[in-house]
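Enquirer: Sequence:
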Amino acid sequence: MTIYTAAGAGQSCKTLLTNLGSGLEDQGMTVTCDEVAPTTEDDPNASGLSVLALPLAFGGMISAALLSLTMKKRYSLRVIGSLSFSVIAGFLVGAILQFGFGTFDANYWELSLILALGIGGTSMFVLGLESLIGYAGLGLGAVLTLFVSNPLSGIATGWQWLPSPWGMIGQYLPIGVAGNAARSVGFFDGAGATHSVVTLIVWVLIGLGFVGLATLKDRKAAS
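Read in order, the letters of the sequence shown are residues 21 to 243 in my numbering.
Since no wrong hints were added, every one of them can be taken at face value.
Distance condition first, Cα-Cα at most 25 Å in a straight line; then the derived BS3-like pairs of lysine-lysine: (1) K237 x K93; (2) K92 x K240; (3) K92 x K237; (4) K93 x K240.
Label pairs and their calculated CB-CB ranges: (5) D54 x L89: 51 to 57 Å; (6) S70 x T235: 37 to 43 Å; (7) D54 x T235: 52 to 58 Å; (8) E61 x I100: 37 to 43 Å; (9) V222 x Y155: 22 to 28 Å; (10) E61 x I226: 37 to 43 Å; (11) S104 x T235: 16 to 22 Å; (12) W181 x I116: 22 to 28 Å; (13) P185 x L233: 29 to 35 Å; (14) Y155 x L44: 57 to 63 Å; (15) A211 x D238: 42 to 48 Å; (16) S32 x D238: 47 to 53 Å.
Everything labelled a hint here was simulated from the structure, so no lab data went into it.
Think of the CB as a built atom: it goes at the ideal place given N, C-alpha and C, for glycine as much as any other residue.
Make a model of the complete structure from these sequences and hints.
Expert: Given below as structure tokens:
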């Protein structure tokens, strides 16, 4: 029997299959293990992925909060600031994961753009909420980001290991899809990342839509 493992998809799955193979060998069967998506030698357990949720969550939240507090009613500058911060933070986090932790050995530019999009999805959405409903938007955005999107992301183990249907729900929230896209680019040559990228773009567009509605509301109030 040949058992195919993919460490890049999460250590839980590889451990389960490896233990299964060991049990079959104990019963006298010849078992060969074939690793199809190996992790790197520098970070064999892909520990860098376990901390990825922090910059994705706090990067988006902090940028949205700072821009909301310092650029009141200056919506165009908020959008420019959010997108600029997201790009810079994405490339910085990508560099730390790839060249610092050694978690990935993939295309650095693709990985960084994915991370920038992930941070931008949270930042723009929270920024849009605050623009539309005020400081309550920051609180609502913090709850959705830290207490919903973060625990349902499944970044450390892979979303498939979360109880159903929570893992699937997490794949429609910014942190979960950003983590899945980073895993896809980092270990699977981008396979399966389309859904995640499209979902992140939708979150950015929703945030932009909220900012647009806030702009129209302010213009109507001023006229």
